[in-house]
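On the provided structure of chain A, position chain B as indicated by the hints.
Protein chains: 2
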Amino acid sequence: MFKVPDYQVAGHQAGGGKLGPLVDDSGHFYKPLQSDERGSQELAFYTAFSTDTRIPDHIRKFFPVFHGTKLLEASDGSGLSPHLALEDIVSSRINPCILDAKIGARRWYQQAAEDYLQRCLKKDRETASLELGFRISGLQVHGNKETGVWKPDRTVIQRGSVDETKLTLRKFVSSNPSTDSDIKPDCCFASTVYGGCNGILAQLLVLKSWFEEQTIYHFYSCSVMMVYDKESLQQGKKQGAQIKLVDFAHVIDGKGVIDHNFLGGLCSLIRMISEIVTDPST
Amino acid sequence: MFKVPDYQVAGHQAGGGKLGPLVDDSGHFYKPLQSDERGSQELAFYTAFSTDTRIPDHIRKFFPVFHGTKLLEASDGSGLSPHLALEDIVSSRINPCILDAKIGARRWYQQAAEDYLQRCLKKDRETASLELGFRISGLQVHGNKETGVWKPDRTVIQRGSVDETKLTLRKFVSSNPSTDSDIKPDCCFASTVYGGCNGILAQLLVLKSWFEEQTIYHFYSCSVMMVYDKESLQQGKKQGAQIKLVDFAHVIDGKGVIDHNFLGGLCSLIRMISEIVTDPST
Numbered sequence: 001m002f003k004v005p006d007y008q009v010a011g012h013q014a015g016g017g018k019l020g021p022l023v024d025d026s027g028h029f030y031k032p033l034q035s036d037e038r039g040s041q042e043l044a045f046y047t048a049f050s051t052d053t054r055i056p057d058h059i060r061k062f063f064p065v066f067h068g069t070k071l072l073e074a075s076d077g078s079g080l081s082p083h084l085a086l087e088d089i090v091s092s093r094i095n096p097c098i099l100d101a102k103i104g105a106r107r108w109y110q111q112a113a114e115d116y117l118q119r120c121l122k123k124d125r126e127t128a129s130l131e132l133g134f135r136i137s138g139l140q141v142h143g144n145k146e147t148g149v150w151k152p153d154r155t156v157i158q159r160g161s162v163d164e165t166k167l168t169l170r171k172f173v174s175s176n177p178s179t180d181s182d183i184k185p186d187c188c189f190a191s192t193v194y195g196g197c198n199g200i201l202a203q204l205l206v207l208k209s210w211f212e213e214q215t216i217y218h219f220y221s222c223s224v225m226m227v228y229d230k231e232s233l234q235q236g237k238k239q240g241a242q243i244k245l246v247d248f249a250h251v252i253d254g255k256g257v258i259d260h261n262f263l264g265g266l267c268s269l270i271r272m273i274s275e276i277v278t279d280p281s282t
Numbered sequence: 001m002f003k004v005p006d007y008q009v010a011g012h013q014a015g016g017g018k019l020g021p022l023v024d025d026s027g028h029f030y031k032p033l034q035s036d037e038r039g040s041q042e043l044a045f046y047t048a049f050s051t052d053t054r055i056p057d058h059i060r061k062f063f064p065v066f067h068g069t070k071l072l073e074a075s076d077g078s079g080l081s082p083h084l085a086l087e088d089i090v091s092s093r094i095n096p097c098i099l100d101a102k103i104g105a106r107r108w109y110q111q112a113a114e115d116y117l118q119r120c121l122k123k124d125r126e127t128a129s130l131e132l133g134f135r136i137s138g139l140q141v142h143g144n145k146e147t148g149v150w151k152p153d154r155t156v157i158q159r160g161s162v163d164e165t166k167l168t169l170r171k172f173v174s175s176n177p178s179t180d181s182d183i184k185p186d187c188c189f190a191s192t193v194y195g196g197c198n199g200i201l202a203q204l205l206v207l208k209s210w211f212e213e214q215t216i217y218h219f220y221s222c223s224v225m226m227v228y229d230k231e232s233l234q235q236g237k238k239q240g241a242q243i244k245l246v247d248f249a250h251v252i253d254g255k256g257v258i259d260h261n262f263l264g265g266l267c268s269l270i271r272m273i274s275e276i277v278t279d280p281s282t
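Heads up: the sequence lines are chains A and B, in that order.
Letter 246 of the first sequence, counting from 1, is numbered 246 in the working numbering, and no numbers are missing.
Letter 58 of the second sequence, counting from 1, is numbered 58 in the working numbering, and no numbers are missing.
To be clear, the hints were calculated from the coordinates, so they are not data collected in a lab.
Mixed in with the good hints there might be a few duds.
[To be verified] Derived pair list, reagent style PhoX-like, types lysine-lysine, alpha-carbon separation capped at 25 angstroms:
#, chain 1, residue 1, chain 2, residue 2
1, A, K208, B, K208
2, B, K123, A, K122
3, A, K244, A, K208
4, B, K122, A, K255
[What the hints assert, rightly or not] Some chain A residues close to chain B (C-beta under 10 angstroms, calculated; not the full set):
#, residue
5, A128
6, L266
7, E275
Just so it is clear, CB atoms sit at the ideal spot from N, CA and C, and this is done for glycine as well.
Isolated chain A (complex conformation):
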């Protein structure tokens, strides 16, 4: 009944003493509750957010539906362990293409502990987060029959430079994604996945409008996940490309100030994606 998901591009995976997520066939995604304060903070966020009447519906749909917590046999068989029961964002898709972008130049906050701060600073200086305002945490793309699934190494992707990140965003909407630098991404899905009135760019702009106003939450170390599948696109099905926010272990009280760290990073991602929509050929 419960199994390890076929598709996971970022976040904690099972193995090496760590628990990974599980899915069932009813469309739920079970995320192991981290045992430290990250677990309690994420649960507190989902609990508060799911009943917060200040969140408009057109924004709420960008968040996974929360179905409470559930004690499950852990992915490593080590016994019962609490999990967050969430909407499974990819289960309904055939061959989903997924990209996880961690938003914000800074992953730490005023109240953060000194050692967490120093670890973040180190990692931030190793990656292009500071320059970009975001970084790609992982992705997978279903290419054509010859190329198959392209799922580049996470650590390579995370340490990508500005230009490499731009290229990865192009490959995500191409039929010929490849690590081979001689193959130029064809961007043949750019207009349908990123563009259009319901495309990813349009959704990101709706999210941006909310972030220009909302002073309720600050989302540190949170990701925008982008999902699409070619089957739905080609068959003109209703389920087009979709964005969802995920990972809320470092959400803190906004205290009447907008989340300028998230907003700035989001604007940077928007700028790059609109560059691709405007000119897919370069």
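Using the frame of chain A, we list chain B on its own:
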């Protein structure tokens, strides 16, 4: 011919071995060129920017006009010293009210030296910059006859909390500014200074649109200066409230990425000012 300006709310002031700026009666403001790389970076910025054809006129007007450099007898009489010759933003005003807001949660950048980084981190954690995405560096307000000029202590203002910063933004457009916490700012100039189709909020929104697009420069540790005077407002003169960007000693190449650090902080300032325009009474 050259004199110490009557009005300066932030930046290096003459004294303690440091050179301060000078003004003359032809509307020029002379800023001493700092002897280290900050001086050469600021000069490089003004030189490049003043001839950069990619900058539209409606954005260029937010920057002081650059008139080259000039060797002047330093403010402390220590001999000839190079100065940047700039447009004097306040000289044409009678009793100007001035607010200097340093924009961006982060004042350092990837390439910054380790000791500069550590100094910034320390100061950033002492102030509300990280929370706010900006901080007020200094201000002065001409109140009514009883209150006179209100020019609170810089270090107190810089270390203001989120709520204190909101209050200071209210006092800036009030006829009764005071450090006395029992006196509620009347915000009687909010609608004419911040609001209106040519007010500060409208100007900040124009600037924001440019920052959502431009990937030429990243402006670290740069300030938005806001200036107005009651005489012009009351006489319905053309010269209304005005914003100018100042301090370019830490401007670096944008390398094809938007300046998400500046943009995020600018959006935070915009959000707070629009709160005051929408509801001046709270």
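Hints and how they fare:
Simply put, K208(A) and K208(B) have alpha-carbon atoms about 13 angstroms apart, close enough for the 25 angstroms limit, and the pair holds. Distance hint between K123(B) and K122(A) is fulfilled; the C-alpha atoms sit about 19 angstroms from each other, no more than 25 angstroms. Taken as a hint, the K244(A) and K208(A) pair is honoured in the structure, with Cα atoms around 13 angstroms apart against an allowance of 25 angstroms. With a C-alpha separation of about 22 angstroms, the suggested pair K122(B) and K255(A) falls inside the 25 angstroms cut-off, and the hint holds.
Interface restraint check: A128(A) against chain B, minimum CB-CB distance 8 angstroms, threshold 10 angstroms, status holds. Using the Cβ-Cβ criterion of 10 angstroms, the hint placing L266(A) at the interface with chain B is satisfied: the shortest such distance is roughly 8 angstroms. The beta carbon of E275(A) comes within 9 angstroms of a beta carbon in chain B, closer than 10 angstroms, and the hint placing it at the interface holds.
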